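Student: Sequence:
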Amino acid sequence: MPLFEYQGIRRADGKEVRGVRDGENERAVRQALKRDEILVTAISEKSQRHRGSDIDFKRLLFNRVSRFDVALVTRQLATLTGAGISLVESLTAIIDQTEKPDLKAAFSDVRDQVNQGMSLSEAFGRHPKYFDELYVNMVNAGEHSGTLEQVLARLADFIEAQNKLKSKVASAMAYPIFMMIFGVFIVGFLMVVVVPKVTSIFENFGKELPWYTVLLIAESNFLRSFWWLVLIVIVGGLYGFRRWKRSTKGRWRWHSFILAAPVFGPIAMMVAISRFTKTLATLLAAGVPLLQAMDITKGVLGNVVLERVIVEASTSIREGESIAEPLKASGRFPPIVTHMIAVGERSGQLEEMLENVAHAYDSQVEARVTALTSLLEPVLIVVMGGAAGSIAFSILMPLMQMTEFVQ
Numbered sequence: 000m001p002l003f004e005y006q007g008i009r010r011a012d013g014k015e016v017r018g019v020r021d022g023e024n025e026r027a028v029r030q031a032l033k034r035d036e037i038l039v040t041a042i043s044e045k046s047q048r049h050r051g052s053d054i055d056f057k058r059l060l061f062n063r064v065s066r067f068d069v070a071l072v073t074r075q076l077a078t079l080t081g082a083g084i085s086l087v088e089s090l091t092a093i094i095d096q097t098e099k100p101d102l103k104a105a106f107s108d109v110r111d112q113v114n115q116g117m118s119l120s121e122a123f124g125r126h127p128k129y130f131d132e133l134y135v136n137m138v139n140a141g142e143h144s145g146t147l148e149q150v151l152a153r154l155a156d157f158i159e160a161q162n163k164l165k166s167k168v169a170s171a172m173a174y175p176i177f178m179m180i181f182g183v184f185i186v187g188f189l190m191v192v193v194v195p196k197v198t199s200i201f202e203n204f205g206k207e208l209p210w211y212t213v214l215l216i217a218e219s220n221f222l223r224s225f226w227w228l229v230l231i232v233i234v235g236g237l238y239g240f241r242r243w244k245r246s247t248k249g250r251w252r253w254h255s256f257i258l259a260a261p262v263f264g265p266i267a268m269m270v271a272i273s274r275f276t277k278t279l280a281t282l283l284a285a286g287v288p289l290l291q292a293m294d295i296t297k298g299v300l301g302n303v304v305l306e307r308v309i310v311e312a313s314t315s316i317r318e319g320e321s322i323a324e325p326l327k328a329s330g331r332f333p334p335i336v337t338h339m340i341a342v343g344e345r346s347g348q349l350e351e352m353l354e355n356v357a358h359a360y361d362s363q364v365e366a367r368v369t370a371l372t373s374l375l376e377p378v379l380i381v382v383m384g385g386a387a388g389s390i391a392f393s394i395l396m397p398l399m400q401m402t403e404f405v406q
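The numbering of the sequence shown is numbering that gives the first Met the number 0, which starts it at 0 and goes up by one.
Read the hints as simulated data drawn from the structure, not as lab findings. All values derive from a computational prediction rather than experimental measurement. Every residue, glycine too, gets a C-beta built ideally from N, C-alpha and C. Some hints could be false.
So the derived label-pair ranges between C-beta atoms look like this [stated by the list, open to error]:
#1 44 - 15: 31 to 37 Å
#2 146 - 186: 46 to 52 Å
#3 355 - 298: 20 to 26 Å
#4 355 - 146: 42 to 48 Å
#5 260 - 369: 15 to 21 Å
#6 355 - 10: 48 to 54 Å
#7 162 - 191: 37 to 43 Å
#8 251 - 67: 29 to 35 Å
#9 174 - 27: 15 to 21 Å
#10 186 - 298: 38 to 44 Å
#11 237 - 38: 51 to 57 Å
#12 191 - 259: 35 to 41 Å
Kindly produce the complete structure, drawing on both the sequences and the hints.
Tutor: Below you can see the structure in the form of structure tokens.
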């Protein structure tokens with residue numbers, strides 16, 4: 000749908016408003032604004048050129064809608080509806096409040112659909128880019144149970160917790176990744192720029208060079224002459240790896256390898272368990288049926304091996320088994336997790352037990368990642384120092400031999 004920029008005056012308080020609204024045409028947008036009691040003073044469609052270049056570029060850098068933005072507007076909507084404000088008025092307030100054009104347009108469409116009689120969950124379902132299946136199903140459960148504001152608040156808590164965990168992992172890994180990239184750049188600069196200039200003085204050296212210096216010069220010459228081939232191999236390798244990883248067999252083997260990896264495997268497993276338990280607890284607490292909640296939860300694991308475990312567990316649950324038994328039989332979930340789930344089922348406190356498991360594994364993930372990064376930093380420094388030192392050694396040793404020869 001085309002986007003329209005508008006300016007107008009809100010009839011309720013006479014306040015001047017402006018924003019972005021999508022619609023089939025200008026007349027449809029005017030009618031939608033009129034239903035919202037906004038007197039339009041100016042309206043214009045964004046040109047295709049402007050939308051395709053400047054606007055998209057700005058959105059990519061500054062106005063991209065993040066999960067944090069979704070969590071923020073969700074909490075605001077929970078607060079407004081909890082204060083007794085009607086749903087349409089709450090959505091209008093959200094539209095006026097948010098500064099992200101894409102999110103503003105999405106909420107404008109949601110409000111229009113609600114005005115026309117559609118349920119809030121169905122309206123959110125029209126925008127899967129911002130409101131995923133979990134979000135829509137929780138809102139749907141809240142609407143049917145009459146606890147929409149509580150569900151929205153819990154949903155905001157859930158999104159914020161997921162963002163917090165993701166941010167902690169990303170921030171912890173940022174420095175090692177930067178060190179790795181910086182190290183590769185430094186070594187590449189030495190090999191391509193510094194080594195050829197220094198080793199050019201060896202051409203008139205009548206003595207045979209050490210094998211490690213000959214190897215260094217050969218590597219430097221190869222990188223200078225065939226850098227394009229190295230680039231093609233790297234890009235082609237990454238492209239081939241991504242295609243293989245997207246295939247059914249490749250995705251299964253890669254995810255199996257990740258879970259079995261010595262250092263990163265346990266961390267990946269902890270992250271998956273945390274996502275599974277927190278998501279399932281959130282859905283069950285919102286009133287979503289167990290089987291439907293299990294079907295939604297498998298999509299947040301990010302690992303097809305564990306997804307198959309959840310699918311098989313759902314089949315067993317349909318046949319009358321508990322949740323814990325098929326998870327335990329799979330051998331993928333740690334005994335402490337299946338034991339706590341079993342205790343929660345027997346005591347009728349499954350949601351609380353799942354929350355406890357998620358909290359425990361969040362803490363373990365943070366501790367493991369912190370320890371891993373603390374170990375990676377000195378290892379990277381040693382590797383970078385070793386690479387630079389070997390280059391320096393390969394150059395200095397022949398120079399020392401030349402000095403002795405001259406003397």
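Student: I'd like to know which numbered hints this structure contradicts. Please list them from smallest to largest.
Tutor: Of the numbered hints given earlier, those the structure breaks are 1, 2, 4 and 9, listed in rising order.
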